[in-house]
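Residue numbers (this note's numbering), protein chains in the order written: chain F, 117 to 438; chain A, 117 to 438.
What the hints contain is simulated information worked out from the structure, not anything from laboratory work. Owing to the predicted nature of the structure, the values given are computational and were not obtained by experimental measurement. Please note: incorrect hints may appear among the correct ones.
It does not matter which identical chain is used: a pair holds within one copy or between any two.
Unchecked claim - Listed next, the in silico SDA-like pairs over lysine to any residue satisfying Cα-Cα at most 25 Å (straight line):
(1) Lys338 to Gly425
(2) Lys280 to Asp414
(3) Lys322 to Arg301
(4) Lys280 to Val404
(5) Lys273 to Glu382
(6) Lys322 to Arg359
(7) Lys280 to Pro408
(8) Lys273 to Arg245
(9) Lys280 to Arg415
(10) Lys280 to Ala413
(11) Lys280 to Gln407
(12) Lys280 to Arg401
(13) Lys280 to Asp400
(14) Lys273 to Arg253
(15) Lys280 to Val412
(16) Lys273 to Arg250
(17) Lys338 to Arg318
(18) Lys134 to Val202
(19) Lys280 to Tyr252
(20) Lys319 to Lys338
Number of protein chains: 2
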Amino acid sequence: MATTRARLRGGIDLGGTKIQAVAIDGRRVVRGQARRPTPSGDGPEGVAIAMAETMREAVAAAGAAPAQLVAVGVGAPGAVDEASGVVARSGNIPGWEGSFGLGGALAEDLGVPVAVGNDVDLATEAEFRLGAGRPYRSLLGVFWGTGVGGGLILDGKRWTGRGKAGEIGHVVVTLDGAPCPCGRRGCLEAYAGRGAMEARARKFVKKGGKTSLFDIQRRRDKERLTSRVWADALARKDSLATRLVDEAIAALGAAIASAVNLLDVEAVVIGGGLGTRLGQPYADRIAVAMQPHLFVADRPPAVHVAALGDLGGAIGAALRAA
Amino acid sequence: MATTRARLRGGIDLGGTKIQAVAIDGRRVVRGQARRPTPSGDGPEGVAIAMAETMREAVAAAGAAPAQLVAVGVGAPGAVDEASGVVARSGNIPGWEGSFGLGGALAEDLGVPVAVGNDVDLATEAEFRLGAGRPYRSLLGVFWGTGVGGGLILDGKRWTGRGKAGEIGHVVVTLDGAPCPCGRRGCLEAYAGRGAMEARARKFVKKGGKTSLFDIQRRRDKERLTSRVWADALARKDSLATRLVDEAIAALGAAIASAVNLLDVEAVVIGGGLGTRLGQPYADRIAVAMQPHLFVADRPPAVHVAALGDLGGAIGAALRAA
Numbered sequence: 117m118a119t120t121r122a123r124l125r126g127g128i129d130l131g132g133t134k135i136q137a138v139a140i141d142g143r144r145v146v147r148g149q150a151r152r153p154t155p156s157g158d159g160p161e162g163v164a165i166a167m168a169e170t171m172r173e174a175v176a177a178a179g180a181a182p183a184q185l186v187a188v189g190v191g192a193p194g195a196v197d198e199a200s201g202v203v204a205r206s207g208n209i210p211g212w213e214g215s216f217g218l219g220g221a222l223a224e225d226l227g228v229p230v231a232v233g234n235d236v237d238l239a240t241e242a243e244f245r246l247g248a249g250r251p252y253r254s255l256l257g258v259f260w261g262t263g264v265g266g267g268l269i270l271d272g273k274r275w276t277g278r279g280k281a282g283e284i285g286h287v288v289v290t291l292d293g294a295p296c297p298c299g300r301r302g303c304l305e306a307y308a309g310r311g312a313m314e315a316r317a318r319k320f321v322k323k324g325g326k327t328s329l330f331d332i333q334r335r336r337d338k339e340r341l342t343s344r345v346w347a348d349a350l351a352r353k354d355s356l357a358t359r360l361v362d363e364a365i366a367a368l369g370a371a372i373a374s375a376v377n378l379l380d381v382e383a384v385v386i387g388g389g390l391g392t393r394l395g396q397p398y399a400d401r402i403a404v405a406m407q408p409h410l411f412v413a414d415r416p417p418a419v420h421v422a423a424l425g426d427l428g429g430a431i432g433a434a435l436r437a438a
Numbered sequence: 117m118a119t120t121r122a123r124l125r126g127g128i129d130l131g132g133t134k135i136q137a138v139a140i141d142g143r144r145v146v147r148g149q150a151r152r153p154t155p156s157g158d159g160p161e162g163v164a165i166a167m168a169e170t171m172r173e174a175v176a177a178a179g180a181a182p183a184q185l186v187a188v189g190v191g192a193p194g195a196v197d198e199a200s201g202v203v204a205r206s207g208n209i210p211g212w213e214g215s216f217g218l219g220g221a222l223a224e225d226l227g228v229p230v231a232v233g234n235d236v237d238l239a240t241e242a243e244f245r246l247g248a249g250r251p252y253r254s255l256l257g258v259f260w261g262t263g264v265g266g267g268l269i270l271d272g273k274r275w276t277g278r279g280k281a282g283e284i285g286h287v288v289v290t291l292d293g294a295p296c297p298c299g300r301r302g303c304l305e306a307y308a309g310r311g312a313m314e315a316r317a318r319k320f321v322k323k324g325g326k327t328s329l330f331d332i333q334r335r336r337d338k339e340r341l342t343s344r345v346w347a348d349a350l351a352r353k354d355s356l357a358t359r360l361v362d363e364a365i366a367a368l369g370a371a372i373a374s375a376v377n378l379l380d381v382e383a384v385v386i387g388g389g390l391g392t393r394l395g396q397p398y399a400d401r402i403a404v405a406m407q408p409h410l411f412v413a414d415r416p417p418a419v420h421v422a423a424l425g426d427l428g429g430a431i432g433a434a435l436r437a438a
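The shape of chain F in the complex, shown without the other chains (with noise of 0.2 Å):
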């Protein structure tokens, strides 16, 4: 990437698997990237000090010095109170017990102001700034990864409630339906997160049941039924991933409906793992399945995909960096 002497805000998304940082100019164009792992076993402390070099590294991926990163911003999953960059019971990130003041850990090691925010909601923000979200006033991010978060614009400005709004993963779409991994029972997410669909799959195959789920995880060496494999498993016709893939589409198309007809947004963009891997074509399958459920059936939503993927949390977090 070209040398640059812009200012820089950089932006962190901290996943449960990924930490992905990029740095943008004034002008908001991401001007150098970079992820890594997340370290797992040391704790918070040791996630934040990942973080704080993958950061670095994308400033160095823009040909930038380090003194150009003006400001910092953090997505992070779990509860995140906005005022003092602290982050509590982010349940996904291994090693993460109790609340740890990780604006604080970040501005100190960056020597930059940090602001931090919710994962989700960080990611629809940037959405609805510079992706697919740009033509509307109102929308839904829908994040379809290992659980399925989601993020609210209404009237062209985000809405948190009290703070913890757009929690469509745990919309109940059947009463006294399947366990959830929150503990619940019938929520989305115990049929479209990727987590979920994962303990369904190995339930199956434990009864003898075949799939050719585990053998394409094991040749890809991953830890996890990642959204690569579960395409690949779809582009080769396994029946099981059709099927529990079919299911999450239906309850997908259920939850979102619901919202819909509770919030008629002019939008849904649907992104996370899942969501981007599978692309436009399954975001058209999630709409059909809206459509029984819709209650104004002759104006649906649009729905798309995310249009900034992968990188829409790091920007949308770069995004808030003051």
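The hints should help you fit chain A onto chain F, whose structure is shown.
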């Protein structure tokens, strides 16, 4: 009621079985009210004439002269075009086929400006401004009657989306679930709407089941299982009524919790015929039924019964009168 010389604003709530009118003064105090059955068989023109008469009756009940009425607001079910005052698809008003210029017809008859809005939106706004929702900046109104309607206040303003937000009655609670009067499957209204509950009760009796519901209906000389009939049957521990209301509460709990997971509003206000008739003990039961589905379980929203009761829709309409 004492004679008044104040300028009055009128509000008319058009329901499937009754027309409710109120006249409020500048301090938003109800000075007079009147109620008539909704005429069937004369089409929308006949309904408009009856609405104007009910409005005049409410003004007279306030001890006021007709000229003291300066503006009127109307809450109507169905698809309301606020700009033109045209109401279409008012499915639960007998004989209301196609579109009708309700605002224009009433303005001509009453000789004052008439604003038309959605009945449930107006009732929600009334609860927010004058009723159980006053302490809050965000709330969900749930109107539990023949159907289940909903309205949203977000950040102190009503949220209508592209014009049709708030349809909590058509949030899916069970994928491929019970048939709903709307023609879809598994909606909240399929379990909790008084219309759907009556259909279930009739089916049960047809199959030889025993219930006191229809005896109570006959004794009260009602054409339908009204909220009062249900309340009476519950009071005498009728087992079918108890079971159907239990199922309705379970469905309300799941759908409202889903809405709270999505929007994280501060409060839920339960109104409508059944909601106001059964009162706070049943609102409390709905709060209990929400609990297992709430993503942030340790900080549930407040759940209140509607404070304005049956008059909320008409008062909300009067507040809208310009």
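- Query: So which of those numbered hints doesn't the model satisfy?
  - Reply: Checked against the structure, no hint fails, so every one of them is satisfied.
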